[in-house]
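Q: Given the structure of chain A, go ahead and fit chain B onto it with the hints provided.
Going line by line, the protein sequences match chains A and B.
Here the first sequence is numbered in this note's numbering, starting from 1 and rising by one per residue.
Here the second sequence is numbered in this note's numbering, starting from 1 and rising by one per residue.
No false leads were slipped in.
Identical chains blur together in the list; that is why a pair holds if it fits in one copy or across any two.
Mimicking DSSO-like on lysine-lysine, the simulated pairs with C-alpha atoms at most 27 Å apart in a straight line are:
| id | residue 1 | residue 2 |
| --- | --- | --- |
| 1 | 16 | 77 |
| 2 | 158 | 183 |
| 3 | 230 | 158 |
| 4 | 91 | 139 |
| 5 | 158 | 139 |
| 6 | 16 | 5 |
| 7 | 32 | 16 |
| 8 | 217 | 91 |
| 9 | 213 | 200 |
| 10 | 217 | 90 |
Please keep in mind that the hints were generated in silico from the structure rather than gathered at the bench.
Now for the letters of each chain:
2 protein chains.
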Amino acid sequence: PPGRKVLIVYAHQEPKSLNGSLKRVAVEELSKQGCSVTVSDLYAMQFEPRATRNDIVGCLHNSEEFNYGVETWEAYKRGGLSSDLIEEQKKVQEADLLIFQFPLYWFSMPAIMKGWMDRVLVQGFAYEFPNCYDSGLLKNKLALFSFTTGGSREMYAKGGISGDIRYLLWPMQHGIMHFCGVKVLAPHICFAPEYVSEEKRKEMLTAWAQRLKTLWKEEPINCSPEWYFK
Amino acid sequence: PPGRKVLIVYAHQEPKSLNGSLKRVAVEELSKQGCSVTVSDLYAMQFEPRATRNDIVGCLHNSEEFNYGVETWEAYKRGGLSSDLIEEQKKVQEADLLIFQFPLYWFSMPAIMKGWMDRVLVQGFAYEFPNCYDSGLLKNKLALFSFTTGGSREMYAKGGISGDIRYLLWPMQHGIMHFCGVKVLAPHICFAPEYVSEEKRKEMLTAWAQRLKTLWKEEPINCSPEWYFK
Numbered sequence: 001p002p003g004r005k006v007l008i009v010y011a012h013q014e015p016k017s018l019n020g021s022l023k024r025v026a027v028e029e030l031s032k033q034g035c036s037v038t039v040s041d042l043y044a045m046q047f048e049p050r051a052t053r054n055d056i057v058g059c060l061h062n063s064e065e066f067n068y069g070v071e072t073w074e075a076y077k078r079g080g081l082s083s084d085l086i087e088e089q090k091k092v093q094e095a096d097l098l099i100f101q102f103p104l105y106w107f108s109m110p111a112i113m114k115g116w117m118d119r120v121l122v123q124g125f126a127y128e129f130p131n132c133y134d135s136g137l138l139k140n141k142l143a144l145f146s147f148t149t150g151g152s153r154e155m156y157a158k159g160g161i162s163g164d165i166r167y168l169l170w171p172m173q174h175g176i177m178h179f180c181g182v183k184v185l186a187p188h189i190c191f192a193p194e195y196v197s198e199e200k201r202k203e204m205l206t207a208w209a210q211r212l213k214t215l216w217k218e219e220p221i222n223c224s225p226e227w228y229f230k
Numbered sequence: 001p002p003g004r005k006v007l008i009v010y011a012h013q014e015p016k017s018l019n020g021s022l023k024r025v026a027v028e029e030l031s032k033q034g035c036s037v038t039v040s041d042l043y044a045m046q047f048e049p050r051a052t053r054n055d056i057v058g059c060l061h062n063s064e065e066f067n068y069g070v071e072t073w074e075a076y077k078r079g080g081l082s083s084d085l086i087e088e089q090k091k092v093q094e095a096d097l098l099i100f101q102f103p104l105y106w107f108s109m110p111a112i113m114k115g116w117m118d119r120v121l122v123q124g125f126a127y128e129f130p131n132c133y134d135s136g137l138l139k140n141k142l143a144l145f146s147f148t149t150g151g152s153r154e155m156y157a158k159g160g161i162s163g164d165i166r167y168l169l170w171p172m173q174h175g176i177m178h179f180c181g182v183k184v185l186a187p188h189i190c191f192a193p194e195y196v197s198e199e200k201r202k203e204m205l206t207a208w209a210q211r212l213k214t215l216w217k218e219e220p221i222n223c224s225p226e227w228y229f230k
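Same shape as in the complex, but just chain A (with noise of 0.2 Å):
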C-alpha cells in the first residue's frame, strides 16, 4: 500500500538472468502500489562480504586482540562503523519489509549476501542481548526470501535426496530474520528454471508479481521448529 518501504537485496552477477528479472517485477509491482522501494544490488555495488577491522573506523576497542563482534557493536554505539555499512542500516531501519532475492549457492545464499548479513546486522542495531527473537530489535519488519534452484522440486521434496527444502531455510529464516525479531513470510522459490521452457520461466515471473498483488494480507509463517522439521 501507499507508503510502504521495501528494500530489495539482490545478489546475482547479470541483469538477464532470472534473478534479475525477479527483481525487477518486484520493483514494478511494489512501485505500482505505491510503495517506495530501494535495491541493493550487491554485485553491482561491489559489497563487501569480508567481516574485518576496516569495518571500525578509528581506533579499536581492544586492538590486542580482534574480535569483531565486540568491536562493530562498540562502533555502532558511537556511530564508527564504516561508511557503507551505515548506509545499508539506514535502508533496513526505514523499511517495511525486506526481500532477498539470490541463487541458491550451496543450500544457502551466496558469500555475497551472507557477508551482507554478517556485517550489516551487527548488535546493537539488529539485536542486543537479550533481545532477540521475538524481542529482537527489527521487530515491525517482515522479511522474504526469494530465490531460484539448480535441484528439482523433486530433488527438493521430504524424502528427496536432497531433503526437504524447509531444512535450508532454517538457518536464514529463523537463525538470522527471527532472531533479529523480523517476521518471515513463506519463501518465493523457482525450482531449477534453467532446466525449464521460456514459457514456464515467464510463468514463474507472472506467479511472483501475481503473488506481490496480495502479499500485505499474507501472514507471516509460524518460525519455529515445527514449520521446518515435522
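A: Structure of chain B alone, referenced to chain A:
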C-alpha cells in the same frame, strides 16, 4: 598416520582467538602424527568471496548472458579458472581430510568461508551431474566442521531457543560436503567460549587435541535427515 594429508580451511581475523588456537593445536597434533598439514588462512590470504566474471581467465562461453555455474564449469575443463581457485583445488585434491575451522556467524560459516565453497567447489571438479552425493567427485575424502558459537549449549539444545545445533549443520555437512561425495566426521563444537573462564577455554583446546589423536579411527556420521532432524 604418516603420509595422510590434511587441509585446514581457517577463517578468523585474530591469531590470538580461540579459533586461532584450535587451528594451531590441529597443525601441531596432526604434524606430530606424521600427517602433512596445509592451512588456507582465508583472512590472511584476503581470500575473495565474491563469485564474479574475474574467476574466469580469457573469453566467456556465453558473454551475452553471464551464468557463473556454466562459466566456471567450462573454465575448469579448459584450465581457465583464476589462479587462486586452481591453487585451492590442488590443495583439496591432495587432501585426505578437510577441516573447516571458524566462528559460527548467523547459524552458518562466515561469508569469507562461504565464498571458498562457492568458488572452489565448481562443477567438473567437485561434482558433475549425475555424479553427486555418494558418487560426488571428492569421494574418499573426509571433512570435519570445527567451530565456536556465541550461543550456549542450552540455547542450541533440542527445544532450546535456537533449536538443535544439528539443524544448522544440514546445509554445510549434507548440502556441501556430502553433495561432493565427501564423508563427514562428527562436528567439533566449542560452545560460547567468550562466556567461560580461561581455564575452560584451555580445556577446550586439550579436548580438541585429544580427539585428534584418534581421529583416523572414527567412523563418518550417517549423513541423512535422520541424523539431523529425528
